[in-house]
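K.L.:
Here are the chains, one letter per residue:
Number of protein chains: 2
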Amino acid sequence: MKLIKKSEEVVQVTGGWREEGQRIVLVPTMGWFHEGHLSLMRLARSLGTKIIVSLFVNPIQFGPREDLAAYPRDLDRDRRLAEQEGVDALFAPAVEEMFEPEFQTRVVLSKVSQGLCGAGRPGHFDGVATIVTKLFHLMVPHVAVFGEKDLQQLALIRRMVRDLNFQIEIVGHPIVREHDGLALSSRNSYLTEVERQTALCLSQAIGQARDTIRDSSNTASVVDLIAAATAYIEAHEGCQVDYVSIVDRWTLLPGTAIDQDSVMALAVKINGRVRLIDNGLLL
Amino acid sequence: MKLIKKSEEVVQVTGGWREEGQRIVLVPTMGWFHEGHLSLMRLARSLGTKIIVSLFVNPIQFGPREDLAAYPRDLDRDRRLAEQEGVDALFAPAVEEMFEPEFQTRVVLSKVSQGLCGAGRPGHFDGVATIVTKLFHLMVPHVAVFGEKDLQQLALIRRMVRDLNFQIEIVGHPIVREHDGLALSSRNSYLTEVERQTALCLSQAIGQARDTIRDSSNTASVVDLIAAATAYIEAHEGCQVDYVSIVDRWTLLPGTAIDQDSVMALAVKINGRVRLIDNGLLL
Numbered sequence: 001m002k003l004i005k006k007s008e009e010v011v012q013v014t015g016g017w018r019e020e021g022q023r024i025v026l027v028p029t030m031g032w033f034h035e036g037h038l039s040l041m042r043l044a045r046s047l048g049t050k051i052i053v054s055l056f057v058n059p060i061q062f063g064p065r066e067d068l069a070a071y072p073r074d075l076d077r078d079r080r081l082a083e084q085e086g087v088d089a090l091f092a093p094a095v096e097e098m099f100e101p102e103f104q105t106r107v108v109l110s111k112v113s114q115g116l117c118g119a120g121r122p123g124h125f126d127g128v129a130t131i132v133t134k135l136f137h138l139m140v141p142h143v144a145v146f147g148e149k150d151l152q153q154l155a156l157i158r159r160m161v162r163d164l165n166f167q168i169e170i171v172g173h174p175i176v177r178e179h180d181g182l183a184l185s186s187r188n189s190y191l192t193e194v195e196r197q198t199a200l201c202l203s204q205a206i207g208q209a210r211d212t213i214r215d216s217s218n219t220a221s222v223v224d225l226i227a228a229a230t231a232y233i234e235a236h237e238g239c240q241v242d243y244v245s246i247v248d249r250w251t252l253l254p255g256t257a258i259d260q261d262s263v264m265a266l267a268v269k270i271n272g273r274v275r276l277i278d279n280g281l282l283l
Numbered sequence: 001m002k003l004i005k006k007s008e009e010v011v012q013v014t015g016g017w018r019e020e021g022q023r024i025v026l027v028p029t030m031g032w033f034h035e036g037h038l039s040l041m042r043l044a045r046s047l048g049t050k051i052i053v054s055l056f057v058n059p060i061q062f063g064p065r066e067d068l069a070a071y072p073r074d075l076d077r078d079r080r081l082a083e084q085e086g087v088d089a090l091f092a093p094a095v096e097e098m099f100e101p102e103f104q105t106r107v108v109l110s111k112v113s114q115g116l117c118g119a120g121r122p123g124h125f126d127g128v129a130t131i132v133t134k135l136f137h138l139m140v141p142h143v144a145v146f147g148e149k150d151l152q153q154l155a156l157i158r159r160m161v162r163d164l165n166f167q168i169e170i171v172g173h174p175i176v177r178e179h180d181g182l183a184l185s186s187r188n189s190y191l192t193e194v195e196r197q198t199a200l201c202l203s204q205a206i207g208q209a210r211d212t213i214r215d216s217s218n219t220a221s222v223v224d225l226i227a228a229a230t231a232y233i234e235a236h237e238g239c240q241v242d243y244v245s246i247v248d249r250w251t252l253l254p255g256t257a258i259d260q261d262s263v264m265a266l267a268v269k270i271n272g273r274v275r276l277i278d279n280g281l282l283l
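Protein chains in written order, with the UniProt record's numbering: chain X, 1 to 283; chain D, 1 to 283.
Everything hinted at is true.
Copies of the same chain look alike in the list, so a pair counts if it works inside one copy or between any two.
Listed below are the simulated DSSO-like cross-link pairs for lysine-lysine, each with C-alpha atoms no more than 30 angstroms apart in a straight line:
1) LYS111 to LYS5
2) LYS111 to LYS6
3) LYS269 to LYS149
4) LYS2 to LYS149
In case anyone wonders, no lab produced these hints; they're calculated from the structure.
Could you put together the complete structure from these sequences and hints?
P.N.:
Written as structure tokens, this is what we have:
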């Protein structure tokens, strides 16, 4: 596996692949790989002939009071894990390589970036759309794979690709969970053992909403489902709900009825310190 | 020459060219071709093996009180002219082809879009950066050619290409002028014969600044040069200065000394009806 740190080199390597007729699949990541990332790499493997993973903790998607400096990093470990998955190249640029001092461009989506995580993280999704655009231009992949755990990010990227006519196929990968339901996240490494148990309330709240809908033959109201999930989570010590919403998985618009595309999405802060998200289809 | 109206077709045609190893040059325009556009096409001819011209009056770069509806259009004439210049394809999509109802993405540059024309046309350069991004993604040209008359647009596109890592070479073409110095513009067709004579004061003001600098061995102050150009233009009946600035041609930042990159840029409204721009290097 090639480790690439320079933009020029990644352009050259992926350009060479394209000339050879390879089908290039990109997996954009911020590193600190867990089984979720490795599943994306395996899916990528099945979708093309050359797999490139980007590893970049993108400063412009972190707010001033967020965990940019603390975000976990271990390039050597990530490199070994990607290599074991048969990744062809890992692109891990320095911040200075991606952002010149004169950098001043943002890709901004006006609707899909509002609400949910966008409400509490102003500028976050502009930063995501911008870095993904840069990565797409450097590597010009045929396909890019994103996890469904970042529901809003995936909807944003899909919308951006349509709006800006990127000739790239976007593929989502279902959330990967621990045996007990906890959605995998690099931020789980911030949790103590006790907090990790508490964090199970996120996936449990979604499961309970799903049960309520089934048991009521889909007559339960959206308002009641949200209220029940919120109450359930906040009954857990140290859990503060940032949001619980039921939205369409594509547009992220809130719905009043539950259908095949309805997703419960939630964000919860644990002990005021670790912010976790989760989501799931309700039918 | 192919006339292409659909996005899918332009992707297919230019994609085919790329596979053949052609070097693709794009000339983005809003149509109503004059000698300035035709010069861009000739330059394009010398820079690649396949030339594609886009013709699209982009609604998102016009303000609500600007001349979108009145902007001159004549596809049949433009088509003949492009064909005579040996253009390989003309991409002329309908507005609905470029903007879906759910469209919500903008490419925004925070600095280079400020000042000069950006001050009086809020949102204009976001619209330009966004449509150029879409055209780049649809056609993936090796080179794109822009006129230097739109100084700020050219600086914006160059900055955007660097910031977003587009793998496209941007080439500027010098302003094309009438024998008497008037910079060619589609908006010149709005002028009466008398107004057309009056409009010569734009290029004359730049020429006079250049003379003053030479005669003073470059000791004239930027403030005085701007004041003299403003006074000269406003001495002409019906001329209202929107701005007269002396800026660096790359960063568009105002300078205090005149050097090889110093440009006088100006915008003037004639009889409150037609807004013209011009610019020129001062050394």
